[in-house]
Structure formats: C-alpha cells, structure tokens
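Enquirer: What follows is the residue order along each chain.
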Amino acid sequence: MIQPVILWTDALVFLLVVVVLVFALYARNKEHLRAPWRQVVRSRMAVASLVVLSAYTVTGLLDSIHFRTALPETAGQREIQYSGEVLSVLDTLLGPVRTQVEKSYSAPFATHLYTRESVTTGEGETVRIFPRLQFGGAHLADPAHKGADIAARSAIAAAQAVSATAALYLLAGVMLARRRRRPLFAMLGQLARGETEIPWRTALLAVLLIALLVALLANLSAAYHVLGTDKVGQDVLYQSIKSIRTGLVIGTLTTLVMLPFAVFLGMMAGYFRGWVDDVIQYLYTTLNSIPGVLLIAAAVLMMQVYMANHPELFETMAERADLRLLFLCLILGVTSWTGLCRLLRGETLKLRELDYVQAATAFGVSRATILVRHLLPNLLHLVLIAVVIDFSGLVLAEAVLSYVGVGVDPTTLSWGNMINGARLEMAREPMVWWSLLAAFTFMFTLVLAANLFSDAVRDAFDPRLRR
Amino acid sequence: MLAYVVRRALYAIPILVGVNLITFFLFFVVNTPDDMARMHLGMKRVTPDAIEKWKAERGYDRPLLYNAQADGSDRLTATIFFDKSVRLFGFDFGSSDAGRNIGADIKQRMWPSLAIALPQFLVGLLVYVSFAMLLAFFRGSYLDVSGVVLCVVLMSISGLFYIIAGQYVFSKLLHLFPVSGYEPGWLAWRFILLPVVIGVIAGLGSSGRVYRTFFLEEIGKDYVRTARAKGVPETRLLFRHVLKNAMVPILTGVVVVIPTLFMGSLIMESFFGIPGLGSYTIEAIQNQDFAIVRAMVFLGSVLYILGLLLTDISYTLVDPRIRLS
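Chains as they are written, first to last, in the numbering used here: chain A, 1 to 467; chain B, 1 to 325.
Since the hints were made in silico from the structure, they are not lab data. Model, not experiment: these values are computed from the prediction. Idealized CB from N, CA, C, for every residue including glycine. Mixed in with the good hints there might be a few duds.
Which chain A residues stay away from chain B? Per the calculated CB distances, all over 10 Å, these [claimed, not checked]: (1) Leu15; (2) Met175; (3) Leu212; (4) Val263; (5) Arg373.
Keeping only pairs whose Cα atoms sit at most 20 Å apart, straight-line, the calculated SDA-like set for lysine to any residue is [to be verified]: (6) B:Lys107 <-> B:Thr260; (7) A:Lys231 <-> A:Gly137; (8) A:Lys350 <-> A:Phe264; (9) B:Lys172 <-> A:Lys103; (10) B:Lys221 <-> B:Val248; (11) B:Lys244 <-> B:Arg228; (12) A:Lys350 <-> A:Arg373; (13) B:Lys221 <-> B:Arg321; (14) B:Lys172 <-> A:Ile156; (15) B:Lys55 <-> A:Tyr306; (16) B:Lys244 <-> B:Lys172; (17) B:Lys172 <-> A:Glu429; (18) B:Lys53 <-> B:His40; (19) B:Lys107 <-> B:Ile258; (20) B:Lys244 <-> B:Gly94; (21) A:Lys146 <-> A:Ile156; (22) B:Lys172 <-> A:Leu437; (23) A:Lys30 <-> A:Val19; (24) B:Lys172 <-> A:Gly137; (25) A:Lys30 <-> A:Pro377; (26) B:Lys172 <-> A:Ala427; (27) A:Lys103 <-> A:Gly233; (28) B:Lys172 <-> A:Glu425; (29) B:Lys107 <-> B:Gly94.
Start from the sequences, fold in the hints, and give me the full structure.
Expert: The following block contains the structure:
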C-alpha cells in the first residue's frame, strides 16, 4: 500500500510542465512562433544539449512523484500506518543504490573500506585492517578478480546501450521515411550521413552517449559503489542523482516566481510612465541596491528563525525541507526580477511609440488590450531569453548559497550540500575527492548544456542578430 | 555638473530609506525579538527571564516604533526603529549581538578585503580586455572559435571549483603558496597572489565573452571601415580606434563595482582565511548575528548607490555625446 504525497514544489513543477505543454500546443500552428524554434533545433550544439537537458529533466520529474509506503501491520491495528519517510519513483528505480549503505568512506569501485578498523581475529588478537565492504564488490570471492568482473559488466552495458540506440535509429528512420514518403533504406543512409535538416545524427549520438552512461551505471552500481561512498557510507552516485531535482527546481521555479513581477511591473512602468514609472523604478532600484547575497542571507535567516519557532507546521522532515526549498526559490525570485523588469521597461518605452501602437490608441483600443495584445507578444522573446540565461546562473548560485549556509535545507540532497560537506574531506590524508568531483561533474554537465542551449535560443529569438 | 551630482546624491536618500525599511521589516517585523532570543538561547529550557535579559543586553527590549512610556522626543527615539535603523544613517553601526563594536570591526577588516579585491579587479580588467581583443583581432578563425568555446566552458564551472582546485594544485601539490591565512603589511603578497589568480581565471569566461561582443560591435561600425579604407593598419586600427570606443561600455560597466570592492568576496575570503569584510559577513551569517548582517546590508547599499553615481558621472566624462539632463 502506498499513499501519494504531493509536496509544494512537486505541484509547481508539474504546473510548469503543463504550462510548457499548453504553450507548445498553442505554438504548433503559429508560423511566427515556430520559426525561431525551428532555427534552434537546426543547430547541432542545441540539439545535443537538448538531449542532455531532457535526460536531466526526466530524472528530475521522476524524482518529483512522491509517496509514503505503509508500515508492516501489527496485530489489532485498525488503520494503515504510513512510514515517515517520503520516497519518490526515482528512489524505487535506484533501489539498491539507495539502500546499500556502508559503514564509512569507500573509494569508487572499492571492495574495502577507506579507513582502517580494529577487528578481532579468531585467535583473540586485535588487528587494524581495511575491512571488506558490506555491499561493494561483496559478490566477489577474491577481490583481485574485480577488473575482469567490471569489464564483463561494462561489455553487457555497452551491448545494451548500442542495441537500444540502434532500435531508436531504426524507429527514427521509419518515422521520417513515412512522413517524407521515401524508401526506408535511403532515409537510413541519409540519417547516418547526417544529411537531414534537423541534425538527427547528432541527437542519436548524444542519445547513444547517455544510454552508454546509464547502462554502465545501472550494471555496475548494482554490485559496486561507482562513485564511492561518503562519511556515513551513503552512495555518492545516489546523492548526485537525487541532487538533480534540487538544481532543476531552483533553476525553474525561481523564474516562475520572478516572471509575473518582472513582466507586469516592467510593462506598467514603460507604458504608463509618469508616477507609475517613478514608483516602479524606485522599487527596483531599492531592491537592486541591496547586495544580492546579503538580501538572500537576511531573508533566509529570518525564515530559519520562523521555522524554528513554528515546528508544528510541518508533518514530515521532507515537507519541512521542501518548504524551505520553495522559500529559497521565492527569495531568489524576489531578488532577481529587477534585471528583466528594467529590460522590459526599456523595450516597452520603445514599442509604445511605434506606429502600430499609436494606430491602436487612435482607434480607441483599450489600454489593457494594447498591453496584452500588442505589447506583450513583442516582449516575449526577451522573457524567454532571460529565462534560459538565468537558469544556469541559478543552478550555480545554489552551490554558493549552500556553502554560505543560506541555501537549501541541510537534509535536502543538493550539489551545494555535497560540496559543503566534502570541504573538510579535502584536508584528510589521504584525500577523499570523489564526492566533490561527482558534485562538480553533475553540475558542470547541466550548466554547460544549459549555456549552450541558451546561446542557440538567443541567436534564434533576438531579432537584432537575425540576418 | 555639480548640480547634477548633488541631485543624484539627493536621490540616494529615499533609496537608502527604502533599504532601511526593508531590513527593518525583515529583521523585526517578520520575527519578533522574542523569536530571535529564543533561537539564540536554544529552543529548550528557555525561561522568560533569560529572554528578557538577552533582549535588554542588546537593546531589543524597547517598543518597535512608538514608545508610549517615554516623554517628549524620547517617544520616537527610545525605540528599536530609531536605535537600530535610523542610527545607521550616521554610520553608527552599534554593537553586534556578541557585543563587539561593528564600526571598529569594519574599519579594521576592510583593508585585507581591499588588498584582495583591488588587484583582482585591475589585473582582471587588463586580462579580460586583452583576451577579448585577441579574439576580436582573429575573429572568425579557429583561435576565435576555440576561445569562445573556452569561455562557455569556463562559465559553466562553479566558482567553488576554481577555489578548491586552485588551493589543491598550487598549495597542496606544488607548495607554491600557503593554503590560507593572512599577514598585514608587505608580507601579505604571499597570501594575496593565489586568490587574485583564481579570481581572475574564474571571471574570464563571462567577462571575456561579453567584452569580445563589445569589440565586435565596434569593429562592424562605419568609422572603422572608413579608417581601413584610408589605409590604417589593422593593429593600429584596433588599438587606437576600436579599443578607445569599446572601452566606453566596458568602463562604465565596471565603475559600479569599484566602491563595493571594500566589501570583499564572501566565498574567496572564507576559503583563504582572509580576515576581511567578506569573511566577517559569512561568520555573522553562520553565527546568526543579525546586527552585523543588518550593518553589512546597509553598507553594501550605500556603496552600490555610490557606484551608480560614479557610473553616471563616468558616462558623461568618457562620452561627451551624453548630456546631463
């Protein structure tokens, strides 16, 4: 028996998905909205990074469906009791990676602990040795055979990944051949040579790369700790994958919070001018003049005090951590809308003097209609560019804020918390480097993909760059 | 000119009032001083006496806005709002929740911050402009393309990684620099060098790329074509004509950060153990010393507004086409 749990951020994440889907359906038949996107997907760089971003997004969405499992029934029990631990679909998929917890640090692919422990031998002597791990490589009778075992598992993984991508290649070939009414073999050749308008070959190569990684991790992590374990013996790979959702939530929900402020106030200031403009300009200059980190720190500190004094508001630990995450997004949103607002104000000032707006005014079109029908559509490209550019900055900011101590809840798995926790491990001798490297690698991949994608989006949507 | 400066400076006053109101609201209205006291004293076994004592020692035991029990002007001045917020306008920061004088701390700690931030700012500007000019000179070539790719990659790396990796490679492996610490006087250079180098590299991605577009924008303009048609050599064109004009957006963009250099960098100082204002702020945040955070918010806003003022003035100085109005 399971009981579904909808956390606040889950609800907002799925709201965001619905909004994106509705917009995609709306834009499907509008040529002027489709044209820039067509240009985006023609760029090989954009397609490759889109594939990477989709992989991250799917992981994040799977991690956003939460539930609680029922506790085993005891005699004479009327109602089903649910466990206090909130799990997600991703947790069940990761299964053993989550539950196989060692005693302490172990290096990637290790079969023994990283630290010595006192063990009493059969003769009653106490010796200090590196004990075998409970799970990592436990199936091996002799740890010396590790290399061969890893090679065998990798070969299986490679075969799986290649066959999966080949199936996808055939599927793409069949679909394209049917749509273009061309023979299948000609279409497959065209795909393989990369002669299609949308760079399907690049997309398939990116898929192959990700499939290889996923298959390798899936096959190896069942028997080893691929990225090692941390101080309390938790698998680092599990932590890194769970952190994806945190990063994505901060990158997207913050913009969701910020957009209404920025768009509404920016347009009002630019269109009405006069005292409205003065008030709004005063508002954003004031907010802007407080150094960002300090304002966030002040707000988060106050939120901490509030949460510490009102513990009755949260039923489970997960809810508490989730609300803190949501608050962080709100605070980041409130501090980051000023840039876009100023941009939109300037653009609205320019647009309102254009002939078509003057004509609409002369025809007696109401102000609200002018704002929504005539000005808003012409500002949307700026909004979109700002959203995709902000995303990578926010993901990076999470790490810094968690380091300062004003980031997500310490119990939330995030790259910032991983880095923060691993800071002291740098000073250990010998050094524990894998948590740090894992967090940076996962974060770097996401941010790089987002940066490359945002470049393509900007090139396609910014009319000044269009030739 | 003077009238303009005065007018702009006066405009800063309502903004500072706004900043003050926001911090007052955040620190005293969202949570009452009682909540703060309970947080500091620990949640359990807090007696009302202990809370009252904690508040009285730090001056939080007064009414928020209006003191009905006092006489005359004290009705307004013997309040938390006057004591903790209005006094900031005279740069009277009071004492921290731990009992230290904040003003003295700031005076003492801003010099190490400046010792890191100023060299980093100057070296950074030089490096970024040279790098961007190099890319712009070889525009369209493989050098340019790989330079832009490098910028995107550098931009995508977390700032924390530069610090951790730099400390590991230069201090732990190569033993070129001390890992962290600070020493006043001329010996400080040993501690300053590594943070400066790391800071410059960390900023190369974003700044290099933006400056490159500034250069390319200038290179596409008519006066450049005219100069080239008249036979001006390419290097002279770049250094004499394009550099000067591209420096306008670059300079006006960086002027705003000059006053805030005093504040130092939070992350950098805390990693390298520099006793500057950045690490001061971080310590205050981690110890939940609200008085220091309030003071730093105010100071940061003052410096930022000063930066905006300097930006406006520098615009008119470097670009005579912009008139003061």
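Enquirer: Give a verdict on every hint.
Expert: Tested hints:
1. Leu15: holds, 27 Å
2. Met175: The claim holds: Met175 of chain A sits with its nearest Cβ about 33 Å from chain B, beyond 10 Å.
3. Leu212: It holds; Leu212 of chain A is separated from chain B by about 22 Å at its closest Cβ, greater than 10 Å.
4. Val263: holds, 22 Å
5. Arg373: holds, 33 Å
6. B:Lys107 <-> B:Thr260: Since the Cα atoms of Lys107 of chain B and Thr260 of chain B sit roughly 14 Å apart, the hinted pair holds (cutoff 20 Å).
7. A:Lys231 <-> A:Gly137: holds, 19 Å
8. A:Lys350 <-> A:Phe264: OK: Lys350 of chain A and Phe264 of chain A at ~16 Å, within 20 Å.
9. B:Lys172 <-> A:Lys103: violated, 28 Å
10. B:Lys221 <-> B:Val248: Satisfied, since the Cα-Cα distance of roughly 15 Å is no more than 20 Å.
11. B:Lys244 <-> B:Arg228: holds, 16 Å
12. A:Lys350 <-> A:Arg373: Cα-Cα ~16 Å, so holds.
13. B:Lys221 <-> B:Arg321: With a Cα-Cα distance of about 17 Å, the restraint between Lys221 of chain B and Arg321 of chain B holds, given a limit of 20 Å.
14. B:Lys172 <-> A:Ile156: Status violated; Cα separation ~40 Å.
15. B:Lys55 <-> A:Tyr306: holds, 18 Å
16. B:Lys244 <-> B:Lys172: Distance of about 42 Å is beyond 20 Å: violated.
17. B:Lys172 <-> A:Glu429: Roughly 11 Å between the alpha carbons, so the hint for Lys172 of chain B and Glu429 of chain A holds.
18. B:Lys53 <-> B:His40: The hint holds at about 12 Å.
19. B:Lys107 <-> B:Ile258: Between Lys107 of chain B and Ile258 of chain B the Cα gap is close to 18 Å, so the pair holds against 20 Å.
20. B:Lys244 <-> B:Gly94: At roughly 46 Å apart (the allowed maximum being 20 Å), Gly94 of chain B and Lys244 of chain B break the hint.
21. A:Lys146 <-> A:Ile156: holds, 16 Å
22. B:Lys172 <-> A:Leu437: holds, 17 Å
23. A:Lys30 <-> A:Val19: holds, 17 Å
24. B:Lys172 <-> A:Gly137: violated, 32 Å
25. A:Lys30 <-> A:Pro377: holds, 13 Å
26. B:Lys172 <-> A:Ala427: Holds. Lys172 of chain B to Ala427 of chain A sits at ~10 Å (cutoff 20 Å).
27. A:Lys103 <-> A:Gly233: Measuring from Cα to Cα gives roughly 5 Å; hence the hint holds.
28. B:Lys172 <-> A:Glu425: holds, 14 Å
29. B:Lys107 <-> B:Gly94: At roughly 13 Å apart (the allowed maximum being 20 Å), Gly94 of chain B and Lys107 of chain B satisfy the hint.
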